[in-house]
Each structure stands twice: as C-alpha cells, then as structure tokens.
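**Q** All chains, full assembly: derive it from the sequences and hints.
Residue numbers are given in this note's numbering: position 237 of the sequence shown equals residue 799, and the series is strictly consecutive.
Please note that a few of the clues may not be correct.
Derived CB-CB ranges, DEER-like [said to hold, decoys possible]:
#1 619 with 725: 54 to 60 Å
#2 680 with 730: 18 to 24 Å
#3 564 with 791: 23 to 29 Å
#4 616 with 700: 24 to 30 Å
#5 573 with 607: 22 to 28 Å
#6 805 with 622: 25 to 31 Å
#7 633 with 726: 48 to 54 Å
#8 748 with 579: 20 to 26 Å
#9 585 with 718: 31 to 37 Å
#10 795 with 725: 23 to 29 Å
#11 718 with 771: 17 to 23 Å
#12 564 with 619: 27 to 33 Å
#13 805 with 624: 32 to 38 Å
#14 574 with 755: 36 to 42 Å
Rather than coming from a laboratory, the hints here were simulated on the basis of the structure. Note that CB positions come from ideal geometry on N, CA and C, so glycine has one too.
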Amino acid sequence: MNAVGIIPARHASSRFPGKPLAVVAGRPMIQRVWEGARAAKHLREVYVATDDERIAHCCEAFGAPVIMTSDVHPTGTDRVAEAAAALHDDVIVNIQGDEPLITGFVVDSVVTSLLEDDAVGMSTLVQAAGAADIDDPNRVKVVLDRHGRALYFSRAPIPHSHRTGPAASYWHHIGIYAYRRDFLLRFVELPQTAAERSEALEQLRALEHGLPIRVGVIEGFRSVAVDVPADIQRAEALLKERDRDRSAK
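**A** Below, the structure written as structure tokens:
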C-alpha cells in the first residue's frame, strides 16, 4: 500500500485571501501544514497542489514539492484529484492547508481508519467537541452511527439535545480525508448535492450519493482550522502551549 499526502492551496479565498501565505508563529501557514504532515509514517511524500505562482514559489523555498493545477476547481477535493491523477499511489490523503497544528499521528490515523474498513472509499477524523465549538458554524459537527461511519456533517449543533432526552455528545470534525485513488477520481465526477451546497461541506456529496464515510476518533490533538484572520491568534496560542508541553516532558 502506497499513500501520498496532497495539500490543496489557493490564494483567492473569499473569506481570507492569501490564507496559505499568512504567517503563523513566524512561518507561512502552508509551511507549518507541510512540515506537520511530513512527520506521518504512512506517507511516502507530501505535495502542495496549487494554481498560484506565489504559493508555488513559497513552497519551493522551504523544500515542498509542488504540483501545478487548474485555476477553475470549485473545491479543494477537485484540486487534489487533478494532482492525484498524475500519481499512482493507492491512497490519497487530502490535508487541509488551513490546519497549522496538524501532526503526523493525525495523518496516520486517517489512513489507518480507511484501511480498517474495506467497504468504504474514504475516511476522515473527529474529536470530542469543546464547548466553544458547538455553536460555532466554522467548527463542523458530525453524528456517527454505531459502526464508526458518518450519518451527517453540519455547521449547526447536531445532534439536537431535546429537553426530555439525555444531554447530547458532540463530535468536532477534523478537516482531513483519506481516499482510495479510484474512489477519489470517481467522486469528483459526481454532481454536487443539495445539502452539500446548503452547508458548504463537500463531504456531504458522498453521503447524499449513498457512499459511506469511515470516521476515526482521536484524542490528544488540538485542531484549529484557520478560516478567518482572527483564527491565527488562537492557533499561535495553541502552538505555544504545545511547545511548552513538549519542553516540560
């Protein structure tokens, strides 16, 4: 089994233009993501897939291999699929370029989750949601079935906790996916779906087409997706906290 990581990166983000090049604790965010992902034991290489020369030049400066892609992709998954089509690895890991705290064990966990279930073509990860995540629409929540597969993803606080029922437990989605290569190339040919467009969550396309998603549960990882500039301060604070914890060991 060969696995490769691909980080999709575009400059023209509507909420945060130039986000991959934003500096997080002294380094471009795309560099922090790449360095964290490269620590994974299951990946032979980590590429950056981009349509922007500024991002490509930045990545080449710190040693990341770059695959140039089209500038018309509607989603990051489409960009990853174009890059994956030129490769021959069995498993493709889509590593979000806005997760500067990503670590090797997170990447390895999503690959392991995929390989544990031969009946699925894709996997992702969750962790227990913090109180601040539940009502934040930028922190995606997930409901799981009894077999470790996703029932639904939403920006809303799901499941709803009815006043007559027990308190709900919430899972916070970590934005990383592993795909079997042939599944990924088929997936991007599927038409977008109603819930996908409504929630702006492309993973819902798989569920609406009846394609199961394996979900691994992890602990000990502080996930911060940088969706808007204000998130950088939060990410930097957690990086400092992580460095202090490591120094204390």
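**Q** Hint by hint, note whether the structure agrees.
**A** Now for the hints, and whether the structure bears them out:
no.	hint	in the structure
1	619 with 725: 54 to 60 Å	holds, 56 Å
2	680 with 730: 18 to 24 Å	violated, 31 Å
3	564 with 791: 23 to 29 Å	violated, 37 Å
4	616 with 700: 24 to 30 Å	holds, 25 Å
5	573 with 607: 22 to 28 Å	holds, 23 Å
6	805 with 622: 25 to 31 Å	holds, 27 Å
7	633 with 726: 48 to 54 Å	holds, 52 Å
8	748 with 579: 20 to 26 Å	violated, 32 Å
9	585 with 718: 31 to 37 Å	holds, 33 Å
10	795 with 725: 23 to 29 Å	violated, 36 Å
11	718 with 771: 17 to 23 Å	holds, 22 Å
12	564 with 619: 27 to 33 Å	holds, 28 Å
13	805 with 624: 32 to 38 Å	violated, 19 Å
14	574 with 755: 36 to 42 Å	violated, 24 Å
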